[in-house]
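Colleague: Starting from the given sequences, assemble the full structure and let the hints guide the process.
Residues per chain are reported as follows:
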Amino acid sequence: MAGTSKVSRGGYAVYLIPGVVLSVAIIVVPLVMTVYTSFTRWTGVGSPTWIGFDNYTRLFQDANFWASFGHIILLIIAMAVIPTFLGLVLAALLFDYIAKHFSNRWASFFRSGFYLPQVLPVAVTGIVWGWILHPSYGALNKILESIGLGGLAKNWLGDPKYALYSVMGVMIWFQLGYPIVMFMSGLQRINPELYEAADLDGATWWQRFRRITVYMIRPEFYVVLITTTIAALKIFGQVFVLTRGGPSNATLVPSYFAYKNFFEKAQVGYGSAISTVLTVLIIVLAIVFLRLQNRAERG
Amino acid sequence: MTVTAAPAIMTDQEEPPRKAAKRRNPVRFGILTALLILLLLVVAPLLVVAVNAVKSPADYAGGGPLSLPTHLYWDGIVNFWNRVDFGTKLWNSFITSFTVAVLGVLLSILNAYALGIGRVKGRIWFLVFFLVANLLPQEVLVYPLYFLSKEVGIYDNLISIVIIFTVIQAAFGTYLLTSVYTEFPVELLDAAAVDGAGKWRTLWRIVVPVSMPTLGVLFTFFFIWTWNEFFLPLVFLISNDKQTVPVALGVLQGDRLMDATTTSASALIGILPAMLFFLIFQRTLTRGITAGAIK
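Chains as they are written, first to last, in my numbering: chain G, 1 to 299; chain B, 1001 to 1295.
Where hints are given, some of them may not hold.
[Claimed, not checked] Below 25 Å or equal to it, Euclidean Cα-Cα: the simulated BS3-like pairs (lysine-lysine) are:
id	chain 1	residue 1	chain 2	residue 2
1	G	Lys265	B	Lys1121
2	B	Lys1121	G	Lys260
3	G	Lys260	B	Lys1150
4	G	Lys161	G	Lys260
5	B	Lys1242	B	Lys1121
6	G	Lys265	G	Lys234
7	G	Lys234	G	Lys260
8	G	Lys234	G	Lys161
[What the hints assert, rightly or not] One side only, chain B facing chain G, incomplete, derived with CB under 10 Å:
id	residue
9	Val1054
10	Ser1056
11	Ala1058
12	Gly1087
13	Ile1117
14	Arg1119
15	Leu1131
16	Leu1141
17	Val1142
18	Tyr1146
19	Phe1231
These are calculated hints, taken from the structure and not from any lab test.
From the three backbone atoms N, C-alpha and C, an ideal C-beta is built for every residue, glycine too.
Modeller: Structure below.
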C-alpha cells in the first residue's frame, strides 16, 4: 500500500468496527427485540408468551389507538403544514422585503427572534405554556379577565374540547422558526437578477413570490416538510409535560400511548406493537416523501 | 434525500441600493409593524415568564401576571434552585451533553472516514442503515434498552444515557460527515500518502483539521440536542441526583408545591442555559441548521 501515489481504497473497513458494534448493540438488537416482543404477551418480568398477531388485532380495534393517530394528523397540521407555509411567507418577506427596504440587520434580528422557541428544551416549553394556560393562575386567563374578556377564559389544557387545540397552538409557536431559517438560507441561492428581471417586467411582490421564490426553494420545502412531519409523529415531550395525554385521552399520541403501556401498565407486548406500527408508518412516509422530492427535482 | 454537507453559509450579502422614493412609508412600516407584533407574540411567553419569576407571591397575588414586579424578588428562584438541587442537575446535563458531543463526533469521524474516503464495500447500505436509524422513534428502542441496561447494571446511571445518545447522534453525524468526506480533495490525501503517512496519521493530521468547521457544527448540535433530550433520560434517570435539567423540570409539573411564581422561576432557570447556548453558538447554529439539508 505504501508508496503508491494513489490513495489506496482498501483497509478502511477497520474504522467502521466501533460504529458497527455500537450500532448493533444500541439500535439493531433493541429494534429486533421490540418487533419480536410485539408478537408476545409480556409484563417485563419472566419470559414473554408468544401470541402471534393478537396485539395487532387488538390494536386495530382499540379506540385509543385510532384516536392517538387521529390526533397526530392534527398535530401534523400544527407542526408541519402551518409552520411550513407561514414560514415560507415570512421568510420571503424578511429576505425580499425587510432586508431590501430596511436592512439585513433587521432581517437577521427577526430570524433569530422567531427561531428562539426552537432552542428551548421541549420540557421547558411545556412548563412555560403549562403555566400560561393554567386555568386558575395562568397568565392567559388573567389577561383575558383584565381586558374584560373573562368570558373567553377556559381550562385550556384541562377541557377535552380545547386541550388538543391548545397543544396545537403551542406547537405552531414552537416550530415556526425552523422553516424560516431553512427557507431564508435557501433564498440566498437565488440569483438576484431573477428578481430584478421580474421587477423590470412589472411583476407584483406576490407574483415574484409564487413564480420565483416558491419555485426556487422546492428542495428546502421538501426537507422542511419531511422533517417536521416526522417530528410530529414522534412528539412526546410537550404532550408529557402539558397534558400527559389527557384529559380523558383527548391529547393521546402514539409515543405517549406506547410509553404508558411500557412503563405504567406493564403491557410490554402491546406497547411494542404500538411502537412498531409507528416506526413502519414513519419509514413509509419517509420513502414516499423522498420519492416525491426526487420527482420534483427532476421535473 | 439530497443531503450534502456543504453547509449553506448565511452570508450577509451586501446592502442593496435603496430604492427610495418607490414604495415608501405606509406599506413599508405597516409590514414592519405587523412583523414586530408577530415577533412580540412569539417572545411574549418568555417575557411573561421572566417578569413573574422575579415577583414575590404577594406581588403576584396583588398585580397579576402582567404587572411589572414592584421589586426584584430572587427568593423564588433561590428556593426552587435549592429545593431541586439544581446545581446537580445542571452538572448532570452538562457532563452528559459534553461527553456525548465529543464521543459522537469521534464516532462519526471514524464511520465517515471509512465510508466517505475509504468507500468501503457496501457503503450505500451502511448509509441507508444510518439514515433509517435517524428516522426511528426512540419508543421502538426504549424498552429493550431499559431491559438490557438493567441486565448490565447501568440503569439509572448517566453512562447509559451517554452510550445511547453517542450512538444515536453519531448516526446523524455519520450521514452528514460522509457526504463531506466523499468530496474531500483527493490531492491532499495523495500528498499525505506520498509523504508516507498511514491511514491513521492521514485521518488525524489531514482529514480532521481540514474538516474542523463541519465538526464544530456537529459538536454544537450534539451538545444541544442531548441537553434538550427528554424521553430517554426520563426513562433511564430515575433517582433525584441523576436527573438532567429537562427531566427535573418536566416531572415537577403538576406538583402541588408549584405555584405561579415558583413555576415561572423554574421555567426561567430552564430557559437561561438554553439562551446562553443560543447566544454562544448562534453563528454555528444558523449555519448548521441548514447543513445536511440541501444541495
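Colleague: Just pull the numbers of the violated hints for me, sorted ascending.
Modeller: Violated hints (numbers, rising): 1, 2, 5, 9, 10, 11 and 12; every other hint is consistent with the structure.
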